[in-house]
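Student: Residues per chain, in single letters:
Protein chains: 4
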Amino acid sequence: MTIRVAVLGAAGRMGATTCAAVEAADGLELVARLDVGDDIAALAGTADVAVDFTVPDATEANVHALLDAGVHAVVGTTGWDDDALARVREHAAGTPGVGVMIAPNFALSAVLAMRFAELAAPLFASVEVVEMHHPRKVDAPSGTAIHTARGVAAARAAAGAPAMPDATESDPRGARGADYDGVHVHAVRLDGLVAHEQIFLSNPGELLTIRTDSFDRSSFMPGVLLAVRGVARHPGLSVGLDAYLDL
Amino acid sequence: MTIRVAVLGAAGRMGATTCAAVEAADGLELVARLDVGDDIAALAGTADVAVDFTVPDATEANVHALLDAGVHAVVGTTGWDDDALARVREHAAGTPGVGVMIAPNFALSAVLAMRFAELAAPLFASVEVVEMHHPRKVDAPSGTAIHTARGVAAARAAAGAPAMPDATESDPRGARGADYDGVHVHAVRLDGLVAHEQIFLSNPGELLTIRTDSFDRSSFMPGVLLAVRGVARHPGLSVGLDAYLDL
Amino acid sequence: MTIRVAVLGAAGRMGATTCAAVEAADGLELVARLDVGDDIAALAGTADVAVDFTVPDATEANVHALLDAGVHAVVGTTGWDDDALARVREHAAGTPGVGVMIAPNFALSAVLAMRFAELAAPLFASVEVVEMHHPRKVDAPSGTAIHTARGVAAARAAAGAPAMPDATESDPRGARGADYDGVHVHAVRLDGLVAHEQIFLSNPGELLTIRTDSFDRSSFMPGVLLAVRGVARHPGLSVGLDAYLDL
Amino acid sequence: MTIRVAVLGAAGRMGATTCAAVEAADGLELVARLDVGDDIAALAGTADVAVDFTVPDATEANVHALLDAGVHAVVGTTGWDDDALARVREHAAGTPGVGVMIAPNFALSAVLAMRFAELAAPLFASVEVVEMHHPRKVDAPSGTAIHTARGVAAARAAAGAPAMPDATESDPRGARGADYDGVHVHAVRLDGLVAHEQIFLSNPGELLTIRTDSFDRSSFMPGVLLAVRGVARHPGLSVGLDAYLDL
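Chains as they are written, first to last, in our numbering: chain A, 1 to 247; chain B, 1001 to 1247; chain C, 2001 to 2247; chain D, 3001 to 3247.
For reference, chain A alone in the conformation it holds in the complex (with noise of 0.2 angstroms):
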């Protein structure tokens, strides 16, 4: 049965990327492109899922039009903290077999690195992360880099796994980085890239990297459309692409 789905901030960049692999995808089919100003309660009846790609002060008011619609809603805006989460967690209590989907991330090859990360951590005795990305990034590191750091550590804490070696006496400008609970983070700025992460897990003999390369935002569409198609399945609200994936 084919998915009806509209796409709310159509015009925008991610937005227009999104319907266009909408309208190649099989099995759905695009039924509306709307913008500031459209009606999202006219989509209760016409729309089966409805993926957000708009702006970070919108965002929460759509996902509870949505809900009030009773329409799926598939959530690519960032923006988003515990207090919003807990509001859309709430309201979307309240009107049973509807779905949120709310990812940070849609590119399956980061979403992925990071569960991976995770899940040998606790089988290694170093774990380091360094990202690389485009030379006009203001922060340093990404927020990727960043979680990833804090999911292997918060693994590595629940399986209590020691801390890791390191013996640096002496490293005056600082070459070792960025501490993020016990894992080192590393940022690389290169033009011409786009966004990059390699994670390193060792042993003694042995060496396990999982890397991640998005070289533009289509990267973003297998992990949309996952998402598009799974939301149905998962009332309630979900956080994370990962949420999806039987990892």
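In case anyone wonders, no lab produced these hints; they're calculated from the structure.
Treat the numbers as computed from the prediction; the structure is a model and nothing was measured.
Take the hints with a grain of salt, since some may be wrong.
Part of the chain C face toward chain D, derived, beta carbon under 8 angstroms [claimed, not checked]: (1) 2108; (2) 2113; (3) 2214.
Glycine residues also receive a C-beta, built at the ideal position from the N, C-alpha and C atoms.
Could you slot chains B, C and D onto chain A? The hints should help.
Tutor: Chains B, C and D only, in chain A's frame:
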């Protein structure tokens, strides 16, 4: 409580490395080093776990003797076929509470790389495997690479993933490598290397690379120790170290 | 002094990208955009350098016309054979002071990777090449990979390097890939990639890896601009961008 | 003609590895193994080349004694400063025909990686260095990484290359690593590794990666043998193995 460990094939290279690793490990005690002609039955009551790094001709008899003695077995010796595994499985069913782990590869990074590749494979448009080994290796590709490719192919088939795109029309010298169940495998031979594998998984706009490097035989020890510590909790026959990893 | 640049094939994808790059570059001025039917002779005295990204059927005639007009030529169009190069070389000898650069690849990272591989090849026991491209490519391996392998083989032969070690006895499905002059070449096809190459050089205990990634056609522009700025200093025919790099 | 080789510090780890490598090499004969207290003057007329892997306190005196004895010297001992090098240079000027090679690193892959990075650096918009070592290392970053960064910076300055783009405004924990002459250097510490370095060079649309992996001290031997074979053809003091490579 300390786990008492015996090593079979203690004079061989892997056996000697195992003895050293057991002696250095917290919570383990090396209680016996056995070689050809030594009496396995005498381990009953004196050893909790025996590690077998002997030879293909001896290993199955060793495991049956360990089951008779009520000693858990961790086996790294190669040469097991389906019939031999079936005989051990049946024997183990008659000795409840005794565990047997037979693993073709104890390198955690290699075991995890294979498992992660299987988990990720259905989510990507293309998957290929490049293995790199020392040039004294007589077979190509490596058993691990074939195992990886077949696991990837089976996971894709189970999920209904389509065939991978490949428009190659002209390849006069076979640069596209070997095809195992639709997954291409490439074997590189480089003097100075040991055992390495790269698995590439891609979608439009993104690439996930899982790479494992084994530099020397010490790389097997974390996996051997993990099996020694876990075998008592897994009665019956287990094949492959991933059976003890919650992935 | 500003260099006046004309672009032939200006309406094509590479031509349009070149026009934009010239307009954005310091010290260069775009003075003409030519396409099929436009008069090259008219460039005499008005353009210093012409960049040709046209089609194989037209490019040789364009270069002869540019030589007649006294305009330096930078050519990225493919399809040149030895006879055509010989005719241009002879014509250029009769028009002293005019330079012609014909380059099969303007991506600096690819040009440098090939050159570095040649320089290093005699110093290593083993060298192999793995190229990775999008799966719409109809030929395997890539021309760049063949060129790399042949350069490596020639450099080793000139230095008297021994054959590479390889004990492979069993390779039933061709995992060892293609053999070009004794150098193994492997072709990987991955949806979402563009043009990538890894060259592995190893000795006992060490591995040198040279990797080049081209993400899109903008990667050719630094090389095109380098050629535009250098062609006046290199009269006569030069083939391959490395002729302008002091390596 | 066979080259007669003496090894100073023959009982140390590097010295013993050198003795074995000389004995296994074509065209070389090991004629003396010297340790503390042995008489260097006695090598006059019996050895052509001496390899010094002793200790920082002894190496300079050894080299002066070798110059007096007319024996070519290949030195891998660390601890040389500019004054000591100046004294050797002056002494060597007075003993024509005798060569001295003092190299901080004999791993060919590391030497070539540094040289290639210098050659390529002016042609790219961005260059960064990531080194990876075992966690028992007390200083960060490695001397090789600092040397690489400074070579890159000097090459860019000489060519008039602009500063690298970097819009970082927020980096609260120092993820951007160390800055050496404008080149960022990152130090990763991983249990099980030995000595590894990645140099990233990028332009819009392309990335060149030069990676060197040293797995164990045998990686120094091809460079030591190259120096032993070349030192007679290079009278006077040479510093750095790249002086013998035509790059």
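Student: Decide, hint by hint, whether the structure agrees.
Tutor: Each hint tested on the structure:
1. For residue 2108 of chain C, the interface hint holds, since its Cβ comes within 8 angstroms of a Cβ in chain D; the closest pair sits about 5 angstroms apart.
2. Residue-level restraint check for residue 2113 of chain C holds (minimum Cβ-Cβ distance to chain D is 7 angstroms; threshold 8 angstroms).
3. Annotation: residue 2214 of chain C was flagged as interfacial toward chain D, and the flag holds, the nearest CB pair being 5 angstroms apart, inside 8 angstroms.
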